[in-house]
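Q: Taken in order, these protein sequences are the chains called A and B.
Our numbering puts the first residue of the first sequence at 1, with every later residue one more than the last.
Our numbering puts the first residue of the second sequence at 1, with every later residue one more than the last.
Among the clues, some could well be false.
Some, not all, of what chain B presents toward chain A, calculated at C-beta under 7 Å [unchecked claim]:
1. Gly66
2. Gln71
3. Gly74
4. Leu162
5. Asp165
6. Gly166
7. Leu168
8. Phe169
9. Pro259
Quick caveat, the hints were computed from the structure, so don't treat them as lab data.
From the three backbone atoms N, C-alpha and C, an ideal C-beta is built for every residue, glycine too.
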Amino acid sequence: MRIGMSRMLVCATALALAAGLTACGNGSGGGSSNDGRIHVLVYGDASNKVERRIVDTFNKTSDVKAVLDTIPGADYQQKLQTIISTPQAPDVFFNWGGGSIQPFVKAGLLMPLTDFVKKDPNLDDKFLPAVFNSAVVDGKPYGVPMRGTQPVLLFSNKNVLDKAGVQPPKTWDELLTTVKQLKAKGVTPIALGGGDQWPTLMWFEYVYDRVAGPELFKKALGGDKEAWASADSKKALGMLKELVDTGAFGKNYDSVKYTTGASPALVASGKAGFELMGSWYYAQQQQDAKDFAAKGLGYTTFPTVSGGKGDPSDVVGNTNNFYSVLKKTKHPEAVAKFLKLMYSDEFVKAQLAIGNLPTTTNTKQFLGQSASPAYSRFQYDLVAKAASFQLSWDQAYPQSASTSMHQAVQQFFDGKLDADGFIKAMQALPAE
Amino acid sequence: MSTQTTSAPTAAAASKEGRRRPDTAYAARGTRPGFLWALPATVFFALFAIVPLIAVAVLSFMSWNGLGSPQFVGTDNWKRIVDDPVMVKSIWLTLLLTALGVALQTPLSIVLGVWAAGHQRNRAVISAIYFVPLLLSSTAVSVLWRALLDPNFGIPARMTWLFGDGNLFGEQTTAIGVLAFVSTWQFTPFHTLIYQGAARAVPQVLYQAAEIDGAGRYRRFFHITLPQLRNSVITSMILMIVGGLTTFETVLILTQGGPGTDTTISAYYMYQKAFQGFDFGAGAAIALCLVVAATIISLIVVRVSGYDKMRSDMEGVS
Numbered sequence: 001m002r003i004g005m006s007r008m009l010v011c012a013t014a015l016a017l018a019a020g021l022t023a024c025g026n027g028s029g030g031g032s033s034n035d036g037r038i039h040v041l042v043y044g045d046a047s048n049k050v051e052r053r054i055v056d057t058f059n060k061t062s063d064v065k066a067v068l069d070t071i072p073g074a075d076y077q078q079k080l081q082t083i084i085s086t087p088q089a090p091d092v093f094f095n096w097g098g099g100s101i102q103p104f105v106k107a108g109l110l111m112p113l114t115d116f117v118k119k120d121p122n123l124d125d126k127f128l129p130a131v132f133n134s135a136v137v138d139g140k141p142y143g144v145p146m147r148g149t150q151p152v153l154l155f156s157n158k159n160v161l162d163k164a165g166v167q168p169p170k171t172w173d174e175l176l177t178t179v180k181q182l183k184a185k186g187v188t189p190i191a192l193g194g195g196d197q198w199p200t201l202m203w204f205e206y207v208y209d210r211v212a213g214p215e216l217f218k219k220a221l222g223g224d225k226e227a228w229a230s231a232d233s234k235k236a237l238g239m240l241k242e243l244v245d246t247g248a249f250g251k252n253y254d255s256v257k258y259t260t261g262a263s264p265a266l267v268a269s270g271k272a273g274f275e276l277m278g279s280w281y282y283a284q285q286q287q288d289a290k291d292f293a294a295k296g297l298g299y300t301t302f303p304t305v306s307g308g309k310g311d312p313s314d315v316v317g318n319t320n321n322f323y324s325v326l327k328k329t330k331h332p333e334a335v336a337k338f339l340k341l342m343y344s345d346e347f348v349k350a351q352l353a354i355g356n357l358p359t360t361t362n363t364k365q366f367l368g369q370s371a372s373p374a375y376s377r378f379q380y381d382l383v384a385k386a387a388s389f390q391l392s393w394d395q396a397y398p399q400s401a402s403t404s405m406h407q408a409v410q411q412f413f414d415g416k417l418d419a420d421g422f423i424k425a426m427q428a429l430p431a432e
Numbered sequence: 001m002s003t004q005t006t007s008a009p010t011a012a013a014a015s016k017e018g019r020r021r022p023d024t025a026y027a028a029r030g031t032r033p034g035f036l037w038a039l040p041a042t043v044f045f046a047l048f049a050i051v052p053l054i055a056v057a058v059l060s061f062m063s064w065n066g067l068g069s070p071q072f073v074g075t076d077n078w079k080r081i082v083d084d085p086v087m088v089k090s091i092w093l094t095l096l097l098t099a100l101g102v103a104l105q106t107p108l109s110i111v112l113g114v115w116a117a118g119h120q121r122n123r124a125v126i127s128a129i130y131f132v133p134l135l136l137s138s139t140a141v142s143v144l145w146r147a148l149l150d151p152n153f154g155i156p157a158r159m160t161w162l163f164g165d166g167n168l169f170g171e172q173t174t175a176i177g178v179l180a181f182v183s184t185w186q187f188t189p190f191h192t193l194i195y196q197g198a199a200r201a202v203p204q205v206l207y208q209a210a211e212i213d214g215a216g217r218y219r220r221f222f223h224i225t226l227p228q229l230r231n232s233v234i235t236s237m238i239l240m241i242v243g244g245l246t247t248f249e250t251v252l253i254l255t256q257g258g259p260g261t262d263t264t265i266s267a268y269y270m271y272q273k274a275f276q277g278f279d280f281g282a283g284a285a286i287a288l289c290l291v292v293a294a295t296i297i298s299l300i301v302v303r304v305s306g307y308d309k310m311r312s313d314m315e316g317v318s
């Protein structure tokens, strides 16, 4: 607990330092490209291997050299937010599109890529439109996809389904029946890492899209708060409530987390039938439960809803990660050249080799070289054919909304918020 | 007995003397180092405590999301915080968790500390083992307990008669219970150490005298040990209160303030506002509230307990 005290001082110091940093930032207008190079800032993790390679390729032919800077994992967004308006700001940086760059656009820090695209239409055409569009803010493109796509899929334990004599559900009604059958067999029908909150949100994203189509959320995000109170919204909430009340997630999902490996273990060990999760789930299971990943892991698309307005091909999830460009970069031509590498064959092959699924149109021809070709093909077709690819709500909204949003979905699943309470909570979110 | 009582007042008198002596000695020789000696500590404290504190106070009247320069918004942040039901709830939760911490840890650590001060067989070994939780980082402790309390693979799955469906983190009461339990598990050894030292310092003559008077084990504990530990109790309680008010890691890792906002204590709420929501103004206002609250409570404890007067532990002896 003494540590708690010092932690508070650290927080206070961090706040103060952050204040100091911007104060300096306002003084000089120069970018970090003062050293004559392009600084590329990325989220530090295993994918950096590819990013480093692409930077090397770029440096072979370019007069203006690029440097890759990384910020390790969890701290990325915070550090970015702190340095982006200072002289230490990068020229090009990694982000999640949507709400993660929207405050920067609003603050006038980013360069719209309209001119780049005009000069090189490939910068738009070579990417799957549903993905490219999630980094469009106010009608202008601000990001070029630079890693892999991560759609949310319904995963299952084939052995558990076989034993209960059920098939992966194609429709919502089938899902409800399946849930009852699995429950009768004494297994938790659907594993849910409710303690992390964001896995719960995935259910909302899909059900809302299936019932109301992507427009409802778009309207709400655009500031039309009435969208949350619409009949479709209420219908979606009613369906979710019914699913929870049927006991689909068991009773203790709020004590289970995905991030501790507890919810994937439920599926792998046969204690649960399904889990709704991003496509990284496959790699996670390969790492945690190798045998199960090879023999028992099934995956399918989210069930359709009869009478729903959403296209059954719609997907939700993390569309991709993006490179965005700062307005004050001194080398826009070099940056444009650098971004072109993001649809090169070399880039696609390197990403596939480390298990990422790029979203360029030329990805298709290299799918055979992926670490798990069948799985990559399934995902690629899903994303390529999707009428809409909804960016995760917590990333579509500005960062400041995510805590309240996560709390609201958790409280709705717990029964502490009813439909009206949930609607009010969503209406209170800071939108664009 | 008379020989022993005479030695005690001399010691007390000597210590009183001792407190005054250095001043006069330095003054006489004219070599008192004065401010210069305090400079390093003062600079350090100013730089890392006073300056940030002032900056935070200023920031609490500004609106700033980390981009561009902060804008003055007057008392907006403060108004929002006062009207915010989550903030009000977080204060109650903080006080509740702090009170629970004090209520659980104080008796436990007194009993353990007094026991550890003795000379029983294997005492040193058991004390050493019991000391281990304090050596672990809060983060490790929290991660460990989160895994141990997993409803499907942890202890609750094996003890359904006690834990039911094991939804410890899904209900407010049990989630608070877990937080209080984990802090107790981790910090009781620290306070035990304080009491062990203090209990060892209790003069043996008091026990010998009590024994002659026919006092049993319990009377000796309640009438000699406890009163003699008074100053240590206050020290330990202040540490517990200040620590309780600023608890952070356990909540961050164990509950993340959930379910919903049911364990969102003020320090965690500050983190959410400032570093997750990038509302640094509101975060600064909450931080300032915490500083003020911790200061006031500490002052009250010091005043009420008479700790500021530093009354001697030895009064029973003379």
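Q: All hints are to be evaluated individually against the structure, with a verdict given for each.
A: Against the structure, the hints come out as follows:
A distance limit of 7 Å between C-beta atoms decides the matter here; for Gly66 of chain B the minimum to chain A is near 4 Å, and the interface restraint holds. This hint is violated: Gln71 of chain B has a C-beta 12 Å from the nearest C-beta of chain A, more than the 7 Å allowed. The beta carbon of Gly74 of chain B comes no nearer than 18 Å to any beta carbon in chain A, farther than 7 Å, and the hint placing it at the interface is violated. Taken as an interface hint, Leu162 of chain B does not check out: its beta carbon lies about 14 Å from the nearest beta carbon of chain A, beyond 7 Å.
The beta carbon of Asp165 of chain B comes within 4 Å of a beta carbon in chain A, closer than 7 Å, and the hint placing it at the interface holds. A cut of 7 Å between beta carbons decides the hint on Gly166 of chain B: the least distance to chain A is about 5 Å, and the hint holds. At a threshold of 7 Å, the smallest CB-CB gap from Leu168 of chain B to chain A is about 5 Å, leaving the interface hint in force. The beta carbon of Phe169 of chain B comes within 4 Å of a beta carbon in chain A, closer than 7 Å, and the hint placing it at the interface holds.
The interface hint given for Pro259 of chain B holds, since its Cβ lies 5 Å from the closest Cβ of chain A, which is under the 7 Å cut-off.
Against the hints set out earlier in the document, violations occur for numbers 2, 3, 4.
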